[in-house]
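Let the sequences and hints guide you as you build the complete structure.
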Amino acid sequence: MTATEDVRAEPGRRIGRVVAFAAVLVAVEVLLFGLSWWTLVLAPGWPTGVVVVGTVLFVAAAIGFPVLMNLGHRRANDPAARTSDVLLGVIGVLFVWCTLAQLVRLPLLATDLSGTAVSRVVAAVGLVITIVLLAWGYVEAMRLPRVAEVSVRLDRLGAGLDGLRVVLITDTHYGPIDRADWSRRVIDVVNELDGDIVCHTGDIADGSVNARLAQAAPLGDVRATLARAYVTGNHEYYGEAQAWMDHMAQLGWSTLHNRHLVVERGGDRLVVAGVDDRTAGSSGTGHRADHAAALAGADPDLPVLLLAHQPQQISLAVEHGVDLQLSGHTHGGQIWPFHYLVRLDQPSVAGLTRHGDRTQLYTSRGTGFWGPPFRVFAPSEITVLTLRSGAA
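392 is the number that my numbering gives the last residue of the sequence shown; the numbers go up by one with no jumps.
These are calculated hints, taken from the structure and not from any lab test. There may be inaccurate statements among the hints.
[To be verified] Computed Cβ-Cβ distance ranges for the label pairs, DEER-style:
no. : residue 1 : residue 2 : range
1   : Leu-31    : Asp-155   : 44 to 50 angstroms
2   : Arg-153   : Tyr-340   : 29 to 35 angstroms
3   : Thr-353   : Asp-178   : 33 to 39 angstroms
4   : Asn-77    : Arg-354   : 40 to 46 angstroms
5   : Thr-225   : Ala-20    : 50 to 56 angstroms
6   : Ser-208   : Thr-99    : 36 to 42 angstroms
7   : Thr-353   : Thr-285   : 29 to 35 angstroms
8   : Asp-155   : Leu-261   : 19 to 25 angstroms
Quick caveat: nothing in here was measured; it's all calculated off a predicted structure. Glycine included, C-beta positions come from ideal geometry on N, C-alpha and C.
Here is the structure:
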């Protein structure tokens with residue numbers, strides 16, 4: 001194919017991608033909204049008026065959802081984003097529990113209940129569980145995160161660094177819901193933990209620096225005896241990655257853009273390195289994750305603490321002899337049972353895992369939440385990792 005032919009073919013490819021995306025979107029919406037509509041509205045055999053009203057509501061939600069998502073997240077309209085995010089959470093939970101409620105039909109079909117009665121029991125079970133979980137999930141999402149305490153033994157860590165406290169926050173996702181007060185209270189907790197090193201492993205916000213300035217402002221008050229270190233997450237690359245890096249530097253954080261720093265205590269040293277998110281290379285910013293650059297010039301005999309937003313970046317950490325990688329990104333699945341989908345993409349959803357002979361990975365469930373203001377069976381966290389020397 002010549003260059004001219006390739007240029008002529010490009011519009012066709014773009015149209016094909018748009019059509020394919022639209023087809024997938026329609027299929028997903030039909031599945032999510034359709035099964036819930038059938039379970040709650042059509043199958044129970046309600047009076048005609050109820051069916052009509054319920055159908056109109058489901059159709060309006062299905063049509064409005066992509067429109068609101070586009071306005072909210074592509075055109076930075078916060079009211080639209082709030083509405084679409086809530087709707088996404090509601091239909092996601094409703095779909096899961098309407099699906100599971102269908103299992104109720106199996107034992108009930110062996111009873112004397114009519115098909116209509118069985119369908120109404122199924123609808124009631126799915127709806128009640130959904131309402132309870134959404135109410136609880138909202139409280140969990142908006143609350144002050146719990147503190148998770150983890151002890152990690154590193155064989156190469158010197159005795160002088162034994163007991164070093166690393167405080168990890170990640171995935172704060174300052175967004176269309178104004179959580180400036182929540183942000184302040186999170187930082188108050190962080191400062192009470194007396195961290196030697198405080199880390200933020202990305203996804204600070206959904207939106208521009210100017211739009212989220214008030215919510216991010218408390219990050220400037222974080223206290224650490226040795227270092228405050230930050231790396232980018234994938235959500236920075238949906239918008240203003242460089243602006244967020246510059247802003248964090250202005251707030252006094254060390255932005256570890258494929259580089260490292262060395263901290264020392266009691267005569268022993270630790271390399272604290274960071275790499276860009278793995279999506280950086282396709283973002284058009286010129287950024288990319290570069291482990292070799294991050295560790296260039298570091299003493300190979302020193303232990304390495306690596307900040308990398310996604311657990312999936314652990315394979316390169318193993319190759320480069322990293323001792324401990326800290327990551328976020330997964331939110332612990334955020335809404336059960338979607339952690340099963342996360343697990344298809346990531347080697348870890350939450351907690352401490354070992355990879356290879358030397359490298360360990362700690363995956364945080366995240367400090368905030370993305371999109372739907374709900375956390376179901378995936379509580380948020382502020383993490384304190386106490387590093388223990390192999391010689392202790």
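Status of the hints after comparison with the structure:
1. Leu-31 with Asp-155: 44 to 50 angstroms: At roughly 49 angstroms between Cβ atoms, Asp-155 and Leu-31 fall inside 44 to 50 angstroms, so the hint holds.
2. Arg-153 with Tyr-340: 29 to 35 angstroms: Hint holds: Cβ distance 30 angstroms, inside 29 to 35 angstroms.
3. Thr-353 with Asp-178: 33 to 39 angstroms: holds, 35 angstroms
4. Asn-77 with Arg-354: 40 to 46 angstroms: For Asn-77 and Arg-354 the Cβ distance comes to about 45 angstroms; the hint holds.
5. Thr-225 with Ala-20: 50 to 56 angstroms: Between Thr-225 and Ala-20, where Cβ atoms are some 53 angstroms apart, the hint holds.
6. Ser-208 with Thr-99: 36 to 42 angstroms: Taking Cβ atoms as reference, Ser-208 and Thr-99 lie about 38 angstroms apart, which means the hint holds.
7. Thr-353 with Thr-285: 29 to 35 angstroms: holds, 30 angstroms
8. Asp-155 with Leu-261: 19 to 25 angstroms: holds, 22 angstroms
Violation of the numbered hints given earlier is absent; every hint is satisfied by the structure.
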